[in-house]
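K.L.:
The whole structure should be built from the sequences, with the hints applied where relevant.
Those protein sequence lines, which keep their order, are chains A and B. Position 28 of the first sequence, counting from 1, maps to 28 under the numbering used here, and the rest follow consecutively. Position 24 of the second sequence, counting from 1, maps to 24 under the numbering used here, and the rest follow consecutively.
Just so you know, not all the hints are guaranteed correct.
[Said to hold, decoys possible] SDA-like mimics (lysine to any residue), calculated; alpha carbons at most 25 Å apart, straight line: (1) A:Lys164 to B:Glu56; (2) A:Lys170 to B:Thr16; (3) A:Lys170 to B:Glu49; (4) A:Lys170 to B:Ile143; (5) A:Lys181 to B:Ala239; (6) A:Lys185 to A:Glu215; (7) A:Lys159 to A:Pro228.
Simulated from the structure, these hints should not be mistaken for lab results.
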Amino acid sequence: MKWFIILGVLVLIVVFLGFGWGGTRGVAINVVGSTSIQPFAEMLAQEFNSQHPDSAVEVQGGGSTAGVMAVGIGIAEIGMCSRMLTKEEAETFTAVTIARDGLAVVVHPSNPVDSLSLAQVKSLFEGQVTNWKDVGGLDRPVRIISREEGSGTREAFTKMVMRKARISRKALTQESNGSVKELAKHDPCAIGYMSLGLVGDELKAVRIEGVPAVEAEVQSGHYPLVRPFLFITKGPPVPGAQQFIDFVLSPLGQRMLAKEGLVGAR
Amino acid sequence: MKEKAIHVMLTALALTAITALAVITAFIFKEGVPIIVKVGIKDFILSSEWHPLEGEFGIFPMIVGSLAVTVGAVMISFSFGLGCAVLLTQFCPPRLVAVIKPSVELLAGIPSVTYGFIGVVILVPFIRDYLGGPGLSVLASSIVLGVMALPTITSISVDALQAVPRSYREGSIALGATEWQTTHRVILKAARSGIVAAVILGMGRAIGETMATIMVAGNTADVPHSILDPVRTLTSNIALEMGYSAGDHRKALFATGVVLFIIIMILNSIALVVSRHRVRRGPAR
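P.N.:
Have a look at this one:
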């Protein structure tokens, strides 16, 4: 019995000390939000933290909307958002564009379809065109791969391609760029959309309105599907957060982003 | 003194567990019920239009999806699990039991992501290439969940079969019944309530599983028309969209949780009643 009590007290002491120590670290800047921006932000944060040993920028995923919410209730200093802010959000939050990203429409490499117009992409995703032969491909059914409701990538795609129309209810829904990729690279009938920087060699990104989906065309402004990567704050950023944003927008930060396949903010 | 202290401590611990359950239940209902009322219970449960960002919350496809996948999974794990349990308790030499039983139980220790991954990498392409459809389907998730529920169903059925008194078996054999007749007509009947309990617990495992289902089900918010169609379950609906949701959308996901909660409660209650009924009637025969 005695031993139980002693053990219990020891455990409590350790737990409380642990919390105490956890709280006394330097200024922590929490960056939370879009999983599309997350890998880039992590890379930037690592570089920033090594330059400023006294600060600790911590990056977490969760999604664009979760990022906006986290900043709204004050548990994160910076939110990452891979879509335009809604009207209500724009009133409350300040947004800084840190980079731009192309949105690629991807198909299986064996698919002979190389180029689609925006209208064709729309009718494919709407479920009106259900066979690849209607858009110049083989006689195969079309398998639509979409993202879940609320995903920044999905919202950007809906806004730019679907406009008022809805993505077909028959669409397969995957919860990350990675699983869209995994699915599309094994399915000859698939069509999906994802961040241009993440397409890789195993998928084919079709030309949109005749413009190839490559960084140079995003940079030049010819490629039609481009979305902003935003850092958002509530009101003016706190000093530590401002320092990190400045770093991301500095020539070094922008160079790092460009190397990873994104297109600079300016 | 010492006795009393231990008694009080254990009571407190037991109450904590129950309190946690009560708090979780209250919270889910508090968050979820208002939106069900706002949308209208009929529209919420029977509408197939799930467009949460445009304020349309119909979870009918997910309810059908959860039930379809669970029924499929239970059919698979029940036939294999019961077969395995009968073999282990009736026909198997002890040395083989010592190998088979732990291996089946080991299945329970594999994380669900692993099941999902194996499903995506092996099962889904197989279904896509040989049976057609996208591969991500009711069939794929039923098989994966069936394997996941196998240890639950097997080990509880084994317990139920072992609990049948030896005298039943001896009596039946003494009357001239063959081993199979004994198993089929005597032992399985006597163990019926335990086997029903096994099926219910297996069902609970299947309907509550999330990660593996997200990976192999395809998550289409549409009512499936064949077992090769993709499907979205209630659990994967919540897990898929939770991270991104806000406002009414978030509440609708809690409401999805409320519906799941009620379905599980109904299933468990039916099962409890059925198994009790049978136990009571059992000895009278």
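K.L.:
Now look at each hint and say whether the structure bears it out.
P.N.:
Tested hints:
As the CA atoms of lysine 164 (chain A) and glutamate 56 (chain B) are separated by approximately 15 Å, the hinted pair is consistent with the 25 Å bound. Our distance criterion of 25 Å between C-alpha atoms is broken by lysine 170 (chain A) and threonine 16 (chain B), whose separation comes to about 45 Å. Under the criterion of a C-alpha separation no larger than 25 Å, the hint pairing lysine 170 (chain A) with glutamate 49 (chain B) is consistent with the structure, at around 12 Å. For the hint linking lysine 170 (chain A) to isoleucine 143 (chain B), the alpha-carbon distance of about 22 Å falls within 25 Å, and the restraint holds.
Taken as a hint, the lysine 181 (chain A) and alanine 239 (chain B) pair is honoured in the structure, with Cα atoms around 20 Å apart against an allowance of 25 Å. Taking the CA atoms of lysine 185 (chain A) and glutamate 215 (chain A), the gap is near 21 Å; set against the 25 Å cutoff, the hint holds. Straight-line distance between C-alpha atoms of lysine 159 (chain A) and proline 228 (chain A) comes to about 13 Å, which keeps the hinted pair within the 25 Å bound.
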